[in-house]
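Protein chains: 2
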Amino acid sequence: MIYLDNAATTFPKPEPVYEGMDKANRKYAVNSGRGSYKAAQKAAKVIDDTRMLIRKLVAADVIADVVFSPSITVALNQVIKGISWENNDIVYVSPYEHNAIARTLNSLSGIRVIELPINKKTFEIDIEKMKYLFAKDRPKAVFCTHISNVTGYILPVEKVFSEAKKYDAITVLDSAQSLGLIEVNSKKIDADIIAFAGHKTLYGPFGIGGFINISNISLNVVLTGGTGTDSLNLDMPEQNTTKYEPSSFNIVAIAGLYEALKCLDVNRNYQHERILTDYLVDNLNNIKGVTCFVPLDRNKHIGIISFVINGYKSDDVGMILDEDYDIAVRTGYHCAPYIHKYLDDKEYLGTVRIGVSQFNSKEDIKHLIKSINELTR
Amino acid sequence: MIYLDNAATTFPKPEPVYEGMDKANRKYAVNSGRGSYKAAQKAAKVIDDTRMLIRKLVAADVIADVVFSPSITVALNQVIKGISWENNDIVYVSPYEHNAIARTLNSLSGIRVIELPINKKTFEIDIEKMKYLFAKDRPKAVFCTHISNVTGYILPVEKVFSEAKKYDAITVLDSAQSLGLIEVNSKKIDADIIAFAGHKTLYGPFGIGGFINISNISLNVVLTGGTGTDSLNLDMPEQNTTKYEPSSFNIVAIAGLYEALKCLDVNRNYQHERILTDYLVDNLNNIKGVTCFVPLDRNKHIGIISFVINGYKSDDVGMILDEDYDIAVRTGYHCAPYIHKYLDDKEYLGTVRIGVSQFNSKEDIKHLIKSINELTR
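Just so you know, the protein sequences line up as chains A and B, in that order. Under numbering that gives the first Met the number 0, the first residue of the first sequence is numbered 0, with each subsequent residue one higher. Under numbering that gives the first Met the number 0, the first residue of the second sequence is numbered 0, with each subsequent residue one higher.
Hints listed in this document are in silico derivations from the structure and should not be mistaken for laboratory results. Among the clues, some could well be false.
Which copy? The list can't say, so a pair holds if one copy fits it or any two copies do.
In silico EDC-like pairs for lysine to aspartate or glutamate, Cα to Cα no more than 20 Å straight-line [unchecked claim]:
#: 1; residue 1: K340; residue 2: D229
#: 2; residue 1: K26; residue 2: E14
#: 3; residue 1: K41; residue 2: D325
#: 4; residue 1: K80; residue 2: D234
#: 5; residue 1: K44; residue 2: E322
#: 6; residue 1: K135; residue 2: E114
#: 7; residue 1: K41; residue 2: D314
#: 8; residue 1: K37; residue 2: D325
#: 9; residue 1: K365; residue 2: D323
#: 10; residue 1: K37; residue 2: D363
#: 11; residue 1: K130; residue 2: E114
#: 12; residue 1: K26; residue 2: D325
#: 13; residue 1: K158; residue 2: E127
#: 14; residue 1: K165; residue 2: E127
#: 15; residue 1: K44; residue 2: D325
#: 16; residue 1: K135; residue 2: D167
#: 17; residue 1: K345; residue 2: D314
#: 18; residue 1: K41; residue 2: E322
#: 19; residue 1: K26; residue 2: E322
#: 20; residue 1: K44; residue 2: D321
#: 21; residue 1: K37; residue 2: E322
What you are looking at is a predicted structure, and each value in this text was computed from that prediction instead of being measured.
Input sequences plus hints: build the corresponding full structure.
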């Protein structure tokens, strides 16, 4: 199988991730606890060390809490439902947001969700129009994904958030497709909260995500349960991360993420994906009948390529690539509800999406190009 | 290490669990999807097969939905916060409930939580008094754990729920410490919902739990996010399990649970723990200064033993057992907020808790007894 569904989850993972998980499983997959027995202390240390590596990766200060959740989806539920909303609050979202944000905001009542404006030709955020909208309808919060999981577009999050901060808005970055692939520097991007997924561009396993509370903003508790501490208290304990971390830690997944972070090389991954992405786009653009949804400026794009083929439903392209060429891609709307009205891909029932990883070779891409060439002939 | 903290999480797991997880990691740890490429279809099949094994384990009909969550805590949040409560609704809980239930109910406003009455000498549920309370204050819902995670007491859930059903109450069983160890038969126990944890008596890994919706009662959505289907819909899709399952499936954890279920032998585990439990209780009862919190009727108790030692804080006992004898136990209040007022263990700061598993030997228990004998000498 040539696996090109890396935007859904990166596969495979680096060997130390597998080994780290198996070792954790066999040696210390117990309930962590600092004041407890040695295996539990070991688990607690791995958790602490992993928090530290995450903090370091985004250049956050040591006081920034790294909260672990079973997934970035759960993390974003905690963040979004944890904000003290008031009636008629206005929230801005980029039109590239994922349903982890879009559906979660939609589940709240009394707030108004406004999409950031985009240029309908380049599909880029229109910063000037955004400034106008902010001035007209003051943002209470702004949610912005860093890299679109549909098109690979790198959003201008520095500009979006610095403008949002003029209105004291809460700024939340979704780094699911960026952390580990491009620089995510909390000193440069004015995000109060950075949500992260373990299993995508970080090359960790399923079962671990979270958020970095850069500004340590206080959130209401969303999920409740045991914390192993303060057990007689019917409220979640108030202390920093514990408040948002009910239930046993998934130490096996955290151990996998720890190994992934230890061997992560952001620059190497970027350079590798830069080459593969550009090569793929160049070649796709040369195939008649293929429409790519890629920004004109190549530096605003990385890793993910969405396209449609004239005369084909995207699902059918996916099926043919799987069955005839053993190439795994994802097709459809990719859990991104807003953007497709701009891409105008509904007659294709969404796009064919390629996601590359550090483990893909140029040969993989050549094989894909060849297959699509045959398919469109 | 002699590991006796199995009530927190069973450790180790059967070898096929480790192997199944590693294999899933290396072969098909991708985003599942029925209409997708082959590895994704394989992941989807493992998920379906695991649901089937869970359903079979509780003798549920094929129409009962098995919903997967990252943990039983998340599952119970979905269940409890998903019920359509009305003002002044009355909820009964056993005094043995875990904070996944206690704190979650406490986070709701407008409902009244009443503890089921217990006999203060035997620590058993007082069914007659319970009947009186139900008649006086009609239950909207009744939550009952099957086996106490503090004392190992097997609660009379059949009686509790059959009485609750006379009032059409919603009945929710917490099977975290029972499923896989004793019979949990949905034909005999009138539970609308059975919540389960993968990583305890089922011997699966962290990262997977859920609930079996025996009566297929409709719950409001608690967590929102991508489902890989119906992506343009800003609400969660209505279909059965999908509604409650946002985010990518943790296929590695599910593969582990699948292997655990395949090699699970409830009767063998029960018989093994029966012997170890009785042996441990007999011996602890003979040690001067040790108070065990065990029901008189041994058949109402299995697997978990809580005790205190005169003159010792329980944490100190745990520390000594770890440092001097390499025995891992759990001490404190065990995330169970209600029961300790009956156990009257506050001067000890909670109990010392032993949890045995299929992997413990009589030698392990002998070593523990010897250690406690030395400690109390």
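Violations among the numbered hints: none
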